[in-house]
Amino acid sequence: MTFFTFLDYSAVLVFALTGSLVASRAQLDIVGFFFFACLTAVGGGTLRDLLLDRHPVFWVENPAYLGVACAAALLVFLTAHLFESRYKLLLWLDAFALAIAVAAGSGVAQTLGHSAPIVVVMGVVTGCMGGLMRDVVSNEVPLVLVKGELYVTCTFAGSVATVIASELELPSTQVALACAAVTFILRAGSLALGWQLPVYKSRPPKV
Amino acid sequence: MTFFTFLDYSAVLVFALTGSLVASRAQLDIVGFFFFACLTAVGGGTLRDLLLDRHPVFWVENPAYLGVACAAALLVFLTAHLFESRYKLLLWLDAFALAIAVAAGSGVAQTLGHSAPIVVVMGVVTGCMGGLMRDVVSNEVPLVLVKGELYVTCTFAGSVATVIASELELPSTQVALACAAVTFILRAGSLALGWQLPVYKSRPPKV
Amino acid sequence: MTFFTFLDYSAVLVFALTGSLVASRAQLDIVGFFFFACLTAVGGGTLRDLLLDRHPVFWVENPAYLGVACAAALLVFLTAHLFESRYKLLLWLDAFALAIAVAAGSGVAQTLGHSAPIVVVMGVVTGCMGGLMRDVVSNEVPLVLVKGELYVTCTFAGSVATVIASELELPSTQVALACAAVTFILRAGSLALGWQLPVYKSRPPKV
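Protein chains in written order, with the numbering used here: chain L, 1 to 207; chain D, 1 to 207; chain Z, 1 to 207.
Source of the hints: derived by calculation from the structure; they are not laboratory data.
Any given hint could be a false lead.
[Unchecked claim] The list that follows gives simulated cross-link-like pairs (lysine-lysine, DSS-like), each with its CA atoms no further than 27 Å apart:
hint: 1; chain 1: D; residue 1: 88; chain 2: D; residue 2: 147
hint: 2; chain 1: D; residue 1: 88; chain 2: L; residue 2: 88
hint: 3; chain 1: Z; residue 1: 88; chain 2: L; residue 2: 147
hint: 4; chain 1: Z; residue 1: 147; chain 2: Z; residue 2: 88
hint: 5; chain 1: Z; residue 1: 147; chain 2: D; residue 2: 88
hint: 6; chain 1: L; residue 1: 147; chain 2: L; residue 2: 88
[Claimed, not checked] The calculated label-pair distances, taken between Cβ atoms and stated as ranges, are:
hint: 7; chain 1: Z; residue 1: 85; chain 2: D; residue 2: 83; range: 38 to 46 Å
hint: 8; chain 1: D; residue 1: 92; chain 2: L; residue 2: 85; range: 50 to 58 Å
hint: 9; chain 1: L; residue 1: 141; chain 2: D; residue 2: 173; range: 58 to 66 Å
Note that the Cβ used here is the ideal one computed from N, Cα and C, for glycine as well.
Model the full assembly from the supplied sequences, consistent with the hints where possible.
Here's what the structure looks like:
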């Protein structure tokens, strides 16, 4: 198992947990849990593979990814009632998954020899898009839209860290670590300490 | 015309009817009917083809599928006012389309020699995703989210039936029939008799 | 730079402006502006490229498209407060982008030798889908759903104009011009003068 395979599995596992938590909030049955776990877990990576014409798509080549996602769904189905605030848990797991997925997404693009802008975009896509599909399908407010929080910004900064660390010719595990650390620290700082960038203010005229 | 081509046409036709009914609920013009008919009719199969790198996509190769979808849209545009409860009609047509599409989707993956998990996923994707796109774009509540109903579960069970029937080396028409029957009976039982799986209960904490 | 490359750049620029306006209505930070600008700008063309198996996808081959989109986002971030009615501005820019994108999308499909129905669909997809992704992700009412306005219809008519003008063996710049003119005039007539097609009436039964 290569290092990027390990990253992909980890991101799948943690995103699947967040998808299952959303399924629990929607009070679905176990197959509904499987559905949201898989959608969230493989959504971003699938889009990355389609955009880069990388076939077979990672989970079509190796369906064990889906097994991991379904196992996570089963775990949440059996235990989610133990947690007092499932939404907070969801946010923190999502932050963790985001960090791993950005590292995996930008790392794969880097390995395939793509230019810096494409590496950055693939990091953002792999990080944000699975969670975005989860939120759009389940009618939750997409995390990319939450006011006064860093979200896309974290994946953007993490992907830029990948590019810089690669320029410095660090080994690929350290590149991934740098990327994940930047992504997670920014997101954690936003969730826990309220870090944010200046936002566009002015009352939005709705007509 | 092969058997799977016939299934694809049937699924396209019936899904197009459901897309057109949604367009009628949104009070669109005839081109809006075409749009929703085509989106719903080819959405799931298109995603299947993209994921399996099966080019040209079925309706790009043979645009007659789009003609069928537009004909269905025209039919609904002219006659939908005759039906008292268009939502109930929509639900039952959707159940019928679901059964055919799951059989077509899992059957194609089977024919291409994919492993059992991928066959199951392609059945679910081909069945659910067209209707999901229809519901997300039109702001209807996605059928996959409706509480206390079997929906994804039916497509899942139908796809598993495909896998089992193939293991038993039944001819492909009987495999498809078994799959469609399982999918439709479960969905019909859920709509008419309230069949459901245990769902995740516990009041969802929203903060 | 070929003529279609020029069209693609123009559509990217103007769609990016509309995406940024939506980001301003959602009060996002600058990276949120980048995200919506890029999603809107390349969404339709990306889907066209994936459906036609045209790799590398246009912006993966040439990331300068993303640079243009981000520059547009920065411009809007700095100046949007100067406009009194951002929604009206958004509608008119969207109309302009729509016209260019339909010409680019149907023109590319024509050049690749696809049949008339596929040319029409690719015009509609390239025109509508970027804006549709923008609206679905940002929780705005999708423009394709707005009652009593021509929207999909304009892209449909514009794409048909491409097919007819090509049949007449006009040079490709004139084909594109005809397509863009038809699309824009219909959309402008709908926005300014209330042009519309007969819509499906009858009170929609919601149960």
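Against the structure, the hints come out as follows:
no.	hint	in the structure
1	D:88 <-> D:147	16 Å, holds
2	D:88 <-> L:88	38 Å, violated
3	Z:88 <-> L:147	23 Å, holds
4	Z:147 <-> Z:88	16 Å, holds
5	Z:147 <-> D:88	23 Å, holds
6	L:147 <-> L:88	16 Å, holds
7	Z:85 <-> D:83: 38 to 46 Å	41 Å, holds
8	D:92 <-> L:85: 50 to 58 Å	40 Å, violated
9	L:141 <-> D:173: 58 to 66 Å	46 Å, violated
Hints 2, 8, 9 from the list above are not met by this structure, while the remaining hints are.
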